[in-house]
Structures are given as structure tokens and as C-alpha cells.
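Kindly generate the complete structure, drawing on both the sequences and the hints.
There are 2 protein chains.
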Amino acid sequence: MKIIAMIPARMGSKRIPKKNIRLLAGKPLLQYAIENAVNSGAFDEVWVNSESEVIGELAKCCGVGFHKRPAELSGERATNNDFTREFLECHECDYLVMLNPTSPLIFPETVADFVSFVRDGKYDTVLSVVEEYAECFFCGKPINFSVDGKVNSQDLVPVVKVVWALTAWKRETFLRYASLGRCATFSGELGFFPIPFDQAVDIDTEAQWKLAEGILLARKMDNGGAEYWGEK
Amino acid sequence: MKIIAMIPARMGSKRIPKKNIRLLAGKPLLQYAIENAVNSGAFDEVWVNSESEVIGELAKCCGVGFHKRPAELSGERATNNDFTREFLECHECDYLVMLNPTSPLIFPETVADFVSFVRDGKYDTVLSVVEEYAECFFCGKPINFSVDGKVNSQDLVPVVKVVWALTAWKRETFLRYASLGRCATFSGELGFFPIPFDQAVDIDTEAQWKLAEGILLARKMDNGGAEYWGEK
Numbered sequence: 001m002k003i004i005a006m007i008p009a010r011m012g013s014k015r016i017p018k019k020n021i022r023l024l025a026g027k028p029l030l031q032y033a034i035e036n037a038v039n040s041g042a043f044d045e046v047w048v049n050s051e052s053e054v055i056g057e058l059a060k061c062c063g064v065g066f067h068k069r070p071a072e073l074s075g076e077r078a079t080n081n082d083f084t085r086e087f088l089e090c091h092e093c094d095y096l097v098m099l100n101p102t103s104p105l106i107f108p109e110t111v112a113d114f115v116s117f118v119r120d121g122k123y124d125t126v127l128s129v130v131e132e133y134a135e136c137f138f139c140g141k142p143i144n145f146s147v148d149g150k151v152n153s154q155d156l157v158p159v160v161k162v163v164w165a166l167t168a169w170k171r172e173t174f175l176r177y178a179s180l181g182r183c184a185t186f187s188g189e190l191g192f193f194p195i196p197f198d199q200a201v202d203i204d205t206e207a208q209w210k211l212a213e214g215i216l217l218a219r220k221m222d223n224g225g226a227e228y229w230g231e232k
Numbered sequence: 001m002k003i004i005a006m007i008p009a010r011m012g013s014k015r016i017p018k019k020n021i022r023l024l025a026g027k028p029l030l031q032y033a034i035e036n037a038v039n040s041g042a043f044d045e046v047w048v049n050s051e052s053e054v055i056g057e058l059a060k061c062c063g064v065g066f067h068k069r070p071a072e073l074s075g076e077r078a079t080n081n082d083f084t085r086e087f088l089e090c091h092e093c094d095y096l097v098m099l100n101p102t103s104p105l106i107f108p109e110t111v112a113d114f115v116s117f118v119r120d121g122k123y124d125t126v127l128s129v130v131e132e133y134a135e136c137f138f139c140g141k142p143i144n145f146s147v148d149g150k151v152n153s154q155d156l157v158p159v160v161k162v163v164w165a166l167t168a169w170k171r172e173t174f175l176r177y178a179s180l181g182r183c184a185t186f187s188g189e190l191g192f193f194p195i196p197f198d199q200a201v202d203i204d205t206e207a208q209w210k211l212a213e214g215i216l217l218a219r220k221m222d223n224g225g226a227e228y229w230g231e232k
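Chains D and U supply the protein sequences, listed in that same order.
Under this note's numbering, residues 1 to 232 are what the first sequence spells out, in order.
Under this note's numbering, residues 1 to 232 are what the second sequence spells out, in order.
FYI, nobody ran anything at the bench for these hints, they're computed from the structure.
A virtual CB, placed ideally from N, CA and C, is assigned to each residue, including glycine.
Take these hints with a grain of salt, some might be off.
[Stated by the list, open to error] In silico DSS-like pairs for lysine-lysine, Cα to Cα no more than 30 Å straight-line:
(1) U/K18 x D/K220
(2) U/K60 x U/K220
(3) U/K122 x D/K150
(4) U/K14 x U/K68
[What the hints assert, rightly or not] Short, incomplete list of chain U residues facing chain D, as computed with Cβ under 7 Å:
(5) P28
(6) C136
(7) F138
(8) K150
(9) C183
(10) D198
(11) K210
(12) G214
Right, dumping it as C-alpha cells:
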């Protein structure tokens, strides 16, 4: 079974300009996704999908492939459906795994576990999710609990939140849906792969950029011993 | 209208031992909630509710009141319903706001805004929530989107997640529900107050403790200018 990685990375990001080549804790944001893909050891090929030659340059520096997407798919309006279809039409594989560069905090081990789950072949689409063990409402109505009693959060049935850090598609199913004009993003049988919330942080704003830098910093920090008030 | 703050803080925390007096970035965890309550300028009184004399000592050091809960409400099994009822029976007020010490990252300004919302008096219970603008599933079924089309996350109707950083109860309604043996935690008309996700982090595990330290660190960091790959 051939499983390849695709990392979509435009130069023209809007909320955080040029975020893919901006340095996060000293390293371009995009490089995290590239290294996570490579270090997972789970892929037959790793590709960066971009319209930008500069980003292509960075991909090559990191030793992975550069798929230059056509100009008409490089704008704000290009959907995931569109550029993934174009990519899949150019690259043979059984499954494609998309790593989102805006989720740099994931661990290579998590990527490897995700790919093992995909490799089982039970699903056409596999979504990375965070399980929310918390009382949730939708349009004012409780989803996973009753207001008639309070239960411990860990005993709730979790609401499952899609995080787009990792997404896998069976090539054949995706292209069939796309050719029928159907939404291929959620094509066929859906599987869910839970990942820890601190690996799922998605960088879309300056506040999240700062948060991610804090988490990276905290990971490097010495754990030390716990200290307590009033004790020396 | 009299609005008072209660900060529940046991000594016998389980997953993180003695977490309330453990130093987080140099300051006891409990002190964050105390300072957030005091610095919000929004409360007529601020109380720490605990069975522990040591925690009482810390409360007094910080210049706030110490409500010593009875021994029978100090165990693992004591519910929020139970100790809040006992507290409310001892303290007159219109609304009680509970600040959770395991959410130290909230800003005093957010606490002040929350109390203004409570003061409007439209609700019996006000819950702090994080709005999740993401595709969510419950028991495998989509909650807030359709798999027939992908829309931008910011255009979704959010799923609303209760975070327990801040909770407000109208005293009268709470005590009426409690005296009828009903669940007072969700008593009467429910209101929702959204807070930013990075202020909502709940510390329940060592991993979350470390995450919170990272965020506190990042907040202190100089923003500096953005730097980019290939530019000097």
C-alpha cells in the first residue's frame, strides 16, 4: 500500500502574512510539518504543494518534493477539494495524508500512529479530532448531557471536534466524488483519529502564533521539581 | 445588586497533589484566581472556600476572605452543588460568581466583562464557554455542518463548550433548586459567556500544568518583529 504526504502551503496567507516562511521559535513554520512527515517514517513520499517558488526552494532544502500547483489554484478562493484533486491526478497512491503546516505542534509519533490507523484501510476519509470531554451545547440545547444532573466531565460521551492537523483520503474514492461534483473532503466512510489537544493547536491568528511559541518553549523547559507555597 | 466571588480550593487534589499551593511560574496556583477576582474590581466580596487552614492562611495573605467549609464537604465526593449550597446559606448576595483556580490564565478584564453580563440579570445561571468554530460530531453524526459541502470554519454555527473557568448563579434560584433536591448547577435560565480559548485552559494534568506555564511565559516574552526564512 502506497501512502504519500502532501503539505499545502501558500505564500499569500492573509491573517498572518507569509506565515509559512515566518520563523516560529527559530524555524520556518512550514519546516515543522515537513520534519514531522519525514521523521514519522510513515510515508513513501513527502510533497509540499504550493504556487510559490520560494516555498519550493524551502521544500528542496528540507529534502522533500515540490509539487507546483497551477496559478488558477493559488488564490484565496481555491478550495481544498480543488487543489487536492489536482495533486491526486498527478500522483499515484492508495492513500494521501494531508499535513497542515498551521498545526506544527504535532509529534512525529502521532503522525506515525495516524498512518497506521489509515493503513488498516477501513475508511475512505480519516479526520484528526480532539475529543472534548466537556458539557457542550448547540443552538442553546445540550448535546452530550442533561441539565437535570451534573456528572464528572471524564464520564461524558465526548463531542468530537475536527482539527485538520492530519487528514487522509483514499485516492480512488476522493477522485470519484470529485468527478461527480460531490464534496470529496468528506468522501466515503469517515474515520476519526483522536489527538492530544496540545498537539492540535491551529495557528490562524497572532495570538495563536504566540501560544504555539509558548508551548514549544514549555516543551524545552526543564521540568524541575514541584515547589510549594510556604515550603523552602 | 450584591455580587460576590467564591474560589473553591481543596488541599487534597488528586491528579496534581496540593496543586492550589504549588508554584506556577513562581506563584501559588490559587493566587492567580484570587488576584483575577480582586483586580477585576467587580466584586463586593471575594472568598476562598476550603477545608484547609493552610489555604485559609494564603487567602488571608492575599487580603481576601476565608470561608472554612465543614469537614463533611472536604472530601473527593463533595459535589459543587453541596459546597456551593453551604456557602450560599452563609453568605447573602444576589449573585455568586465561582472562579475556578484551575483556570489561572483568564484576565481580570474578562472577569469584569463576565460580571457585567451577569449584572444584566437576565439569567439564573451564567456559564463561561469557548465557542468552537469547527466541524463537530456526536456519536458519529455531524452536529453543525453537512458532509455534503465544506464551508469555512468561521462560517459555521459554533458548538459551545462549557469551561467552568467562571460560573455565576442567582442565589435565590440556586437555593430553591437545591432545597427541592434538583441539580442547582444548571438552575433556571441559562446564559453563555464566550471567553478566548487561551484564557480558558483548565489545569487538570501535569501536561496542562506545563502548557499553562508555557503560555504565561509567552505572554511575558517580547513580541519582537516577525522574522522570515531567507531574509536577514
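Quiz item: What hints, given by number in increasing order, does this structure fail?
Solution: Checked against the structure, no hint fails, so every one of them is satisfied.
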